[in-house]
Amino acid sequence: MKPSYTWRVTRVALLLLFGAFFLVPLLAMLDFSTRDLGGGRSGEAWLDLVRDPDLSAAIITSLLLALLTVGGMLVLLVPTMIWVRLRVPRATRLVEFLCLLPLTIPALVIVVGMRNVYSWVNYLVSDSVLTLTFVYVVLVLPYSYRAIDAALSGIDAVTLSEAARSLGAGWFTVIGRIVVPNIWSGVLSAAFVSVALVLGEFTIASLTNYENLQVVIALLGKSEARTSVAASAAALLFASVLLMALSYVGRGRRARKENLT
Amino acid sequence: MTSPQGPGAEVVLDGLSRHYGSVHALDGLHLTIEPGEMVALLGPSGCGKTTALRILAGLERADEGRVLVSGQDISDVPANKRDMGMVFQAYSLFPHMTVLENVGFGLRMRGVGQRERRARGLEVLQLVGLGDQRDRYAHQLSGGQQQRVALARALAVEPSVLLLDEPLSALDAKVRTQLREEIRRVQMEVGRTTVFVTHDQEEALAIADRVGVMSNGRLEQIAPPEELYARPRTRFVAEFVGLTNRLDAAVDGSTARVLDCTVPLLDGSVASGPGLALVRPEALEVRPESDGNAAVASRSFLGSVSHVTCDLDGGPEVTAQTSSALAAELAPGTRVRVSVAPSPVLVVPAG
Numbered sequence: 001m002k003p004s005y006t007w008r009v010t011r012v013a014l015l016l017l018f019g020a021f022f023l024v025p026l027l028a029m030l031d032f033s034t035r036d037l038g039g040g041r042s043g044e045a046w047l048d049l050v051r052d053p054d055l056s057a058a059i060i061t062s063l064l065l066a067l068l069t070v071g072g073m074l075v076l077l078v079p080t081m082i083w084v085r086l087r088v089p090r091a092t093r094l095v096e097f098l099c100l101l102p103l104t105i106p107a108l109v110i111v112v113g114m115r116n117v118y119s120w121v122n123y124l125v126s127d128s129v130l131t132l133t134f135v136y137v138v139l140v141l142p143y144s145y146r147a148i149d150a151a152l153s154g155i156d157a158v159t160l161s162e163a164a165r166s167l168g169a170g171w172f173t174v175i176g177r178i179v180v181p182n183i184w185s186g187v188l189s190a191a192f193v194s195v196a197l198v199l200g201e202f203t204i205a206s207l208t209n210y211e212n213l214q215v216v217i218a219l220l221g222k223s224e225a226r227t228s229v230a231a232s233a234a235a236l237l238f239a240s241v242l243l244m245a246l247s248y249v250g251r252g253r254r255a256r257k258e259n260l261t
Numbered sequence: 262m263t264s265p266q267g268p269g270a271e272v273v274l275d276g277l278s279r280h281y282g283s284v285h286a287l288d289g290l291h292l293t294i295e296p297g298e299m300v301a302l303l304g305p306s307g308c309g310k311t312t313a314l315r316i317l318a319g320l321e322r323a324d325e326g327r328v329l330v331s332g333q334d335i336s337d338v339p340a341n342k343r344d345m346g347m348v349f350q351a352y353s354l355f356p357h358m359t360v361l362e363n364v365g366f367g368l369r370m371r372g373v374g375q376r377e378r379r380a381r382g383l384e385v386l387q388l389v390g391l392g393d394q395r396d397r398y399a400h401q402l403s404g405g406q407q408q409r410v411a412l413a414r415a416l417a418v419e420p421s422v423l424l425l426d427e428p429l430s431a432l433d434a435k436v437r438t439q440l441r442e443e444i445r446r447v448q449m450e451v452g453r454t455t456v457f458v459t460h461d462q463e464e465a466l467a468i469a470d471r472v473g474v475m476s477n478g479r480l481e482q483i484a485p486p487e488e489l490y491a492r493p494r495t496r497f498v499a500e501f502v503g504l505t506n507r508l509d510a511a512v513d514g515s516t517a518r519v520l521d522c523t524v525p526l527l528d529g530s531v532a533s534g535p536g537l538a539l540v541r542p543e544a545l546e547v548r549p550e551s552d553g554n555a556a557v558a559s560r561s562f563l564g565s566v567s568h569v570t571c572d573l574d575g576g577p578e579v580t581a582q583t584s585s586a587l588a589a590e591l592a593p594g595t596r597v598r599v600s601v602a603p604s605p606v607l608v609v610p611a612g
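Protein chains in written order, with this note's numbering: chain A, 1 to 261; chain B, 262 to 612.
If we strip away everything but chain A, and leave its shape as in the complex, we get:
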């Protein structure tokens, strides 16, 4: 059935509207960050991203945090969720509740609650900014849980694992070679969402007096407005590219499936 004319117009209009909603601020940021004082154009602010030692350190910190968070989340969540699905389905509700809990608690409350824990973390582990990984792993749980859960629901994990076991596979092989390859798109989504989340995180880092990318951007905003905007735009673009890659991974997989049937 061909969509009616009015419908198509509405669709295009809506698309333009939402496109503008997202693009106008980005373009404004680009415009602002490339101005120089004389009214001309200059790439100074963007060059500062690598030149300013504080900023480039913060970029590296945030990227490291993203990496560690993804690693921690995957190690914690993937085996747990597979194990719960295969062996202790009774615990599904509990695990889901625990994973979704961080969504319902405001960042401020988390920080206040974590004060005590972190004084021990700082004392026992280290007081490096990278210890933020622990909070961030908790923070990304809800989104990662959803992504992995959706992928797991898409396959008959129990039957596949029983088939693999009856063919001689141990539990490690079942998880690593049978289940994970079939929920790979979900695992990737979880990882991308986590990266995007960590790169954009400001509240917790700021309240715990750590300097990640967003905190430094905010500080810069007070002195070097253009550089701070350039950094924001760069972070935003990076996250958008990641999220687009995510939707592409999901779609590519589906499309391949449909083509081959």
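Derived from the structure by calculation, the hints contain no laboratory data.
All residues carry an ideal CB built from backbone N, CA and C; glycine is no exception.
A hint or two may mislead.
To be verified - Residues from chain A that face chain B, not an exhaustive set, calculated with beta carbons under 8 angstroms:
id	residue
1	Thr159
2	Ala163
3	Leu167
4	Gly168
5	Ile178
6	Asn182
As the list claims (entries may be wrong) - Where chain A lies over chain B, by a calculated footprint (3+ residues, C-beta under 8 angstroms):
id	region
7	341-349
8	427-434
9	473-481
Given chain A's structure and the hints, the job is docking chain B onto it.
Relative to the frame of chain A, chain B by itself:
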């Protein structure tokens, strides 16, 4: 772990019990399966047949009892160390592997090299007639093909016991009939001891050497299909396997009077007095007779034979099997005489 008698192993289920809360899925199941034999476990859902198979596979544990294969107690051996191949009711091919990789998976787990895996994989794929599909993925195959690959995958590791858990019930009727013949052919060819679980009596009777009828976690009777059908030992078996008419009977010594006819008794019948005779449709004879004992209620054409349902005067409705030629004369309302052929029947206590 091959038995001396051939590629198949003897399997003994010794007093298996399994409870889920207050439900007795298995209640002291005893079953001995000869090497190379194909046994079908038949029963309504919840009778414990699948539980028995899963315990045999090591996917579930029994609360009591032992599993012996070739005389060895394997009750404590985990599923991945048991020498068994299993085909599941749900499609179970690994979606991220090609057909050939699927078939080779079990061999890979046993440390067999790439070249040998491929050769053996192609061999079993030939056996199930899918040699040309080796590079496809599960989602490119029909349901019947997927189950055949699953069968090939289970056979590739040359298991001493082959377990089939309702492998055909997700398929449509025509493919089901075809594939069950194929399973039987393959099983005869490889000679593995096979346990086949199904709720479809036709399937069980068609391909198994012996059929075990289960109910409430127990084995009611296990016998070759013909015997199970002709000489059911309990009321449950008689009523579950095939169509059965229930007719009032009076037992006297070794015979019973049913519909004014004298018929011999099967073992397990009541010793004397009144009872209910369980009579197969083909043991009932119907002929038109104006002062008969019944009237035709309906008939259904099944090809060369037809089923004719008659209302007995002052009694129940019965179904008889006749030739379709005779059934053509038996329009609904026709007065008929229904009598019982002198083949042995089971008479159970009334009520």
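Status of the hints after comparison with the structure:
no. : hint    : verdict
1   : Thr159  : holds, 5 angstroms
2   : Ala163  : holds, 4 angstroms
3   : Leu167  : holds, 4 angstroms
4   : Gly168  : holds, 4 angstroms
5   : Ile178  : holds, 6 angstroms
6   : Asn182  : holds, 6 angstroms
7   : 341-349 : holds (count 7)
8   : 427-434 : violated (count 0)
9   : 473-481 : violated (count 0)
The structure fails to meet hints 8 and 9 from the earlier list, while all remaining hints are met.
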